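There are 2 protein chains.
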Amino acid sequence: MNTRTTHAAVVVDTRHSPFCHLRPLSLNAVTIDDAFWAPRRRVNHAVTLPEQYEQLERTGRLRNLRRAAGWEQGAFAGRFFNDSDVYKWLEAAAWVLATERDERLQAQVDSLIALIAAAQDADGYLDTYFTFDHAAERWTDLAVMHELYCAGHLIQGAVAYHRATGAHTLLDVAVRLADHIVATFNPEGLQGADGHPEIELALVELARDTGDERYLRQAAFFVDQRGQRPPTISGKEYHQDHAPVRAQREVVGHAVRALYLYAGMTDVYAETGEQALWEALDALWRNLQDRKVYITGGAGARYEDEAFGDDYELPNRRAYAETCAAIAHVMWAWRMLLITGEARYADAMEIALYNGVLSGVALDGATYFYENPLADRGGHRRQPWFGTACCPPNIARLLASLPGYFYAAADHGVWVHLYATGTATVDLPTAGAVTIRQQANYPWDGEILLTVEPASPTPFSLFLRIPSWAEDATIEVNGESLGTAVTPGRYTEIHREWMAGDVVRLTLPLTVRVLASHPHILNNHDRVALVRGPLVYCVEAVDHPGVDPWDLVTPTRAVWQVDWEPDLLGGVAVLRTDTVARASAGWAGHLYRPFDARGSAATGTLLTAIPYYAWANRAAGAMQVWLSVDAAR
Amino acid sequence: MNTRTTHAAVVVDTRHSPFCHLRPLSLNAVTIDDAFWAPRRRVNHAVTLPEQYEQLERTGRLRNLRRAAGWEQGAFAGRFFNDSDVYKWLEAAAWVLATERDERLQAQVDSLIALIAAAQDADGYLDTYFTFDHAAERWTDLAVMHELYCAGHLIQGAVAYHRATGAHTLLDVAVRLADHIVATFNPEGLQGADGHPEIELALVELARDTGDERYLRQAAFFVDQRGQRPPTISGKEYHQDHAPVRAQREVVGHAVRALYLYAGMTDVYAETGEQALWEALDALWRNLQDRKVYITGGAGARYEDEAFGDDYELPNRRAYAETCAAIAHVMWAWRMLLITGEARYADAMEIALYNGVLSGVALDGATYFYENPLADRGGHRRQPWFGTACCPPNIARLLASLPGYFYAAADHGVWVHLYATGTATVDLPTAGAVTIRQQANYPWDGEILLTVEPASPTPFSLFLRIPSWAEDATIEVNGESLGTAVTPGRYTEIHREWMAGDVVRLTLPLTVRVLASHPHILNNHDRVALVRGPLVYCVEAVDHPGVDPWDLVTPTRAVWQVDWEPDLLGGVAVLRTDTVARASAGWAGHLYRPFDARGSAATGTLLTAIPYYAWANRAAGAMQVWLSVDAAR
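For the record, the sequence lines run as chains A and B. Take the first sequence: its letters are residues 45 to 677, numbered as in my numbering. Take the second sequence: its letters are residues 45 to 677, numbered as in my numbering.
Next up, chain A with everything else stripped away, as it sits in the complex (with noise of 0.2 Å):
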C-alpha cells in the first residue's frame, strides 16, 4: 500500500492495493443518466435521503448524539447500535455530494459532522450508548454490544466524506477513534473483535485513504481474532467465530456479520495478498454461490439467528434473504471483481442489485423490507422503517455510489461492468483520458451502444462484461463483428487502436429464461422461476384476478410474450403467457389426501410476470417467484 495524496470519491478504493487487478472510478468521473437506475437514484436523494433524516430525528437517533455532547439531557433512545443507522445516512449524503449540489444537505452534513465530533470524548471514543451510566462498560461486552461496528460505520462514513469532498472534518474525527481503537486492541492490550464485523473494511479504507498501515494491521487484527480458542468473541458459528477465518470454508452464521466479515477479509487480501486467506475467500465464495444463494442474489435462509441455513436450505416463503444481506453480498463481490476481474463477481452483484438489494426499498423511495421473500400470501409489505434499521440507511449509501460500480481501469484498458446509459472517463497510464459513452435501455433491451473517445488515437483494451445467462451475445466494432469469441460469463477483450468516435455495439440477447434449480432446495422441486437478462420475474395476485398466483402452472413450451408497459410500477416490461391455473380451492378442509395423477382441476388464464424488485408495490396480494411446472404443457 502506497501512501498518496489525491483524493476521489472511490467506493472502495483499491487504485494502489498491489493484489487488485482492477482501478475502481471516482463517482466524479461517471454519470448515470439511464431510465432505471437514475430515476431511483433521483428518488434516493430527493425522498429517501430526506425522509431517512426526519427518521433518525424522530427515533431520538439525533438526540444520542447531542447527549452525549451535552447539549441535551435525557436517556439514551432506542438500540445500542442506533448510532451506526447515523453513519450509514451520512455515507449515504456524503457519496451524493460528490456529485449532486444540494445545499440545504451539505448544511445538515455539516451540522451532523460539528456534532459527531462534539459528542467524541477527549481520547477519541465515540459510542452515544455507552456514555454516562454506561461509560464504565465500554468494550466489556465485544460480542454482543456493536462498539467496533459503530465505530467502523463512522470510520465508512468519514472516508466517504472525505473521499467525496476533500474536507478532513468528519476524517479527523474517524482517525481519533480509530487511533484509539489501535491503543487499545493489540497483543499487549484488549483481545477480541466486534460480534458484528464492520470495523475490518472500515480500517482498511481509512488506511488506504490516509495511507496509514497502522489501520490495515489493525484490521488483520480482528480478523485474526476470529476463531481464536480461547474464542475471544463467542467461539459460535453465529459469529463467524467457531474456526480461525483461514480454515473456514463453509458459509454459517448471522448472513449480514458472514458477509461483512468475508468483504473485510477480502479487503486486508487486497494489500497482503496472503494465499491462505484467499484460499478461505475463494472457497466461501463457491460454497455461497453453489449451495446458499436465492436466484435473487438474496442471503441467509434462516428467521432464526438470521442466518445462513445448511447447504440447499433456501425456503421460498420464509426466505429470510435481509436487504443487509443482498447488499453485502454486492460489497463483497465488488471486492472480489476488483482484485481478480473474473466476469463471476460481477454477474453476482449485478444479480443481487437488480433483484435482492432492489426489492428491499419501495419504488416511492419511502419504505423498505428487512425481510425478502420469494413467496408471499400478502401480508409482507414494506415499512418506513424499523426498530433495527440497518436496511433503509445501507441501501440509500449504495443508490448513492451506485455509479461507483460500474466500471474500473487498469492498466492495459478500460473495463464495463455493468450497462445503463452514461458516461466514464478514465485516465489510463498509456493512452491517457478516454471517455466511455454508453447508450442501454438496459435491463429492458439487450443492446447496448459504446462510444469511445479517446483525447488521440491510441491503443489500448475495452473489457466488456458478458453476463453468463447471455448464450449468443455478439459484439460489433464499427458495423464489423467482433473477430474473437464473445464468452458468457468471461470479459471481452477489444484491444485495437481506439479512435473518437468508434463505436461498440454489445448484443446481449434477453431471451425468457426457464431456470430449476438444485434438486436439493426441496422447495423448489418441480418448479421453474423464470429470467429475463439479470432480472428475476415473479407473479402477484393484483395481475390475477380470480386466480390464486400460486396455482398458476407454467407450461414448459410456453411462448412468451414479452410487453413492454411504460406506466406500470415506473415502466417494466412484463412477461405474459396462456397457462392454467390448478385450482387449490377444490382442496378446502383437506391438508393430505391420496395423489391423483391427473392433478386439480386446471383453467386456462393469462400469467403475467413482473420484475421481483417491483412487487408489493400495488395491492396486497400473494406473490410467487418459483412456479410449478408442467412438463406435458
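Hints are computed from structural coordinates only; laboratory data are not their basis. Don't take each hint at face value.
[To be verified] Derived DEER-like restraints, expressed as beta-carbon distance ranges: (1) Arg-637(B) x Asp-223(A): 46 to 52 Å; (2) Val-547(B) x Arg-637(A): 31 to 37 Å; (3) Arg-620(A) x Gly-317(B): 56 to 62 Å; (4) Thr-600(B) x Ala-632(A): 19 to 25 Å; (5) Glu-609(B) x Asp-607(A): 57 to 63 Å; (6) Gly-527(B) x Arg-637(A): 27 to 33 Å.
[Said to hold, decoys possible] Some chain B residues judged to face chain A by a derived CB distance under 7 Å, without partners named: (7) Tyr-347; (8) Glu-348; (9) Leu-559; (10) Ala-560; (11) Ser-561; (12) His-562; (13) Leu-566; (14) Tyr-636; (15) Ala-641.
Because the structure is a prediction, the values reported are computed rather than measured. All C-beta atoms, glycine included, are put in the ideal place defined by N, C-alpha and C.
Based on these hints, arrange chain B on the given structure of chain A.
Only chain B this time, still in chain A's reference frame:
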C-alpha cells in the same frame, strides 16, 4: 362435577364430567400384550425410567430439590424450569406402578416424594429455583419463569400417583401448593397466568381428584387471563396472549404452549360446558388439522419461537415438530375425544402416537429427538438428554400411561379407540362387568379379533373406531357380516345381546396409500408420502447404497411389496418397489440452470421405505418422507 371417593388410574378422569360423552378406563382395567407397544413399554420401564433418573441426578435436578429442602448446599443448577422434569418422571413412574410391581422404582418414588415434601415451603410454595437468593422474585415474572408450569407438573404427577396407588403422600403436597396458588391468584390478588400453560389442565385434574371445585375455578381463572388488555402475560401470539381464548380461531405461537393451553381449555369445558369455549376449541382444532399439522401428527413448523407457522407452512427439513408438541397433540385429542366420542379425534391421536410421538425416542429407549424433521441429510441424531429436557420424561409418561387411551366406556356401551392385543374390563351401568379380549398384529396386519365376555348375556353396544383411511373396512360378528354400514372416520356401533365368547372380526385394509398434500404446502409440490394403516413411511440412506434417498422418484403406478422384516428395527413391515433415482450429482457446481423437461438422468433402483418412527436407529444418512413423484411412471 361431583365429589367422589373412589380412585382409579385414569389418565384424564372425565368419568364424572358432565360434558363428556366417554368415561376413560383405569390402567388396571386394561392390558396391552402385543408385539408393537408392549416391547416399547417394557423398554420404557426397564431402560428409559432408570436412565432418566440418572440424568435427573447427574444434571443437578434432584440436588436442586435437596438444596431447597436444606439437605445440601450449593447453587441452583441448570434452567429455572428444571423441576418440571422431575415431576414428569414421577408421573411416568406413577403410571408404571399402577400395574407393575417394582421395588426399586417404588423406593425411588418414595424417597423422591419425601424430598419434594421437604423442599416445599411452609406456606405451600414449591419451586427450587425461587429459593434463597431468588425467593424475593417469586411470581414476579410469570411470562418467562415457568413457576406455575412447574406447579402444574407437580400437581399432575401427584394426581397420577394418587390415582395409581391411592397414596396421598404427594397429593397432600400438591394440595398445599394448589391452595397457595388459589390464595395468591385471584381477582383481589395477583393477576396473570403462566407464560407456559400446564397449570390449567393440572388444576382441573386436581379438582376431579379431590372433588374441590376451587381448583376448577382457578383453572378457569388462568384460562381467562389470556388475552386481557392490558395484558397480564405478554400480549403476544407466542404466549397465546394476543386475544381472549374465546376469540381465538387460529393456532399460533409456541406450539407446546398452545396445545397445553387448548388441552386445559378442553378440560375446563368438560366441566362447564360453556359454548363459547367450545366454539373456540372447535375452530382451533380445525385450523390445526386442516392447515398446520404434519402428516406425522407433529406440530409447530418453526425453529424460531418453536412456533406454529402460517397456514400451510410445513417445511420438512427444518420442521421443528417438537416431540412434546406431538405429545400435547395427543393430550388435546384425547380430551376432545372424551367429550365428543368423535372418531376424528382418535384418528389424530393415533397418527401422532405412531409417528410424531414415537419418533421422539430411539428403539433402545435411551436417546431422544427434540425436533422431528421429515427430511434430513443425516446430521440429526437422537441425544441422551438436553439442557431443556422436556421431551424425554414427556414421552416416558405417555408410554407409561398408554393403555389408558385404548378404550372407554359410556352408559350404552364399550368404545374401542386403538387396536392392539390385550384386554379391557369395563363396568357398564346396565350390563355389569364386560371383558373385551383383543387379538391383533396391528399396525402390521389389519385383522382384529375382539372376543366379548360379559358376566351374563346382556344387551349393549360395542363401538369400534373405523380410521378415516380404512376404506372397505369390514366387520363380522360370529362369522356373519355386519348388517350396518362401516364408515371410515366414524365409530361403528354394534348393538346386540352379547354372550360370552362372541367374536367380532374387524378387518382394516392396510393398502399402501400414496398421499399428496395441499398445494399451498410449497415444499411438498409434486411429492407424495407413503402411508400404510396409521404408519407414515420414509426412505433412509442406509437402505439405498449408492443412491441418495433424496433422489428417489416414486412411481404413481407402483406395485408395492410389503415385506415383514422380523429382524429389522425391532420388526417392521417395509415397503418396496422398483423405481428410479434422478441423479442430483449432475448438478454439482450448479444451483440454478435452465429447466430441462426431460429431467436428470434416471437410473433404476429399488426403493425401500421404513416406518418413520424407526428412522435414525441405524447408520446416519439422508432421510425423506415426501418423495418426488413421477406421474409418467
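Verification of the supplied hints:
{"no.": "1", "hint": "Arg-637(B) x Asp-223(A): 46 to 52 Å", "verdict": "holds (51 Å)"}
{"no.": "2", "hint": "Val-547(B) x Arg-637(A): 31 to 37 Å", "verdict": "holds (34 Å)"}
{"no.": "3", "hint": "Arg-620(A) x Gly-317(B): 56 to 62 Å", "verdict": "holds (58 Å)"}
{"no.": "4", "hint": "Thr-600(B) x Ala-632(A): 19 to 25 Å", "verdict": "holds (24 Å)"}
{"no.": "5", "hint": "Glu-609(B) x Asp-607(A): 57 to 63 Å", "verdict": "holds (59 Å)"}
{"no.": "6", "hint": "Gly-527(B) x Arg-637(A): 27 to 33 Å", "verdict": "holds (30 Å)"}
{"no.": "7", "hint": "Tyr-347", "verdict": "holds (5 Å)"}
{"no.": "8", "hint": "Glu-348", "verdict": "holds (4 Å)"}
{"no.": "9", "hint": "Leu-559", "verdict": "holds (5 Å)"}
{"no.": "10", "hint": "Ala-560", "verdict": "holds (4 Å)"}
{"no.": "11", "hint": "Ser-561", "verdict": "holds (5 Å)"}
{"no.": "12", "hint": "His-562", "verdict": "holds (5 Å)"}
{"no.": "13", "hint": "Leu-566", "verdict": "holds (5 Å)"}
{"no.": "14", "hint": "Tyr-636", "verdict": "holds (5 Å)"}
{"no.": "15", "hint": "Ala-641", "verdict": "holds (4 Å)"}
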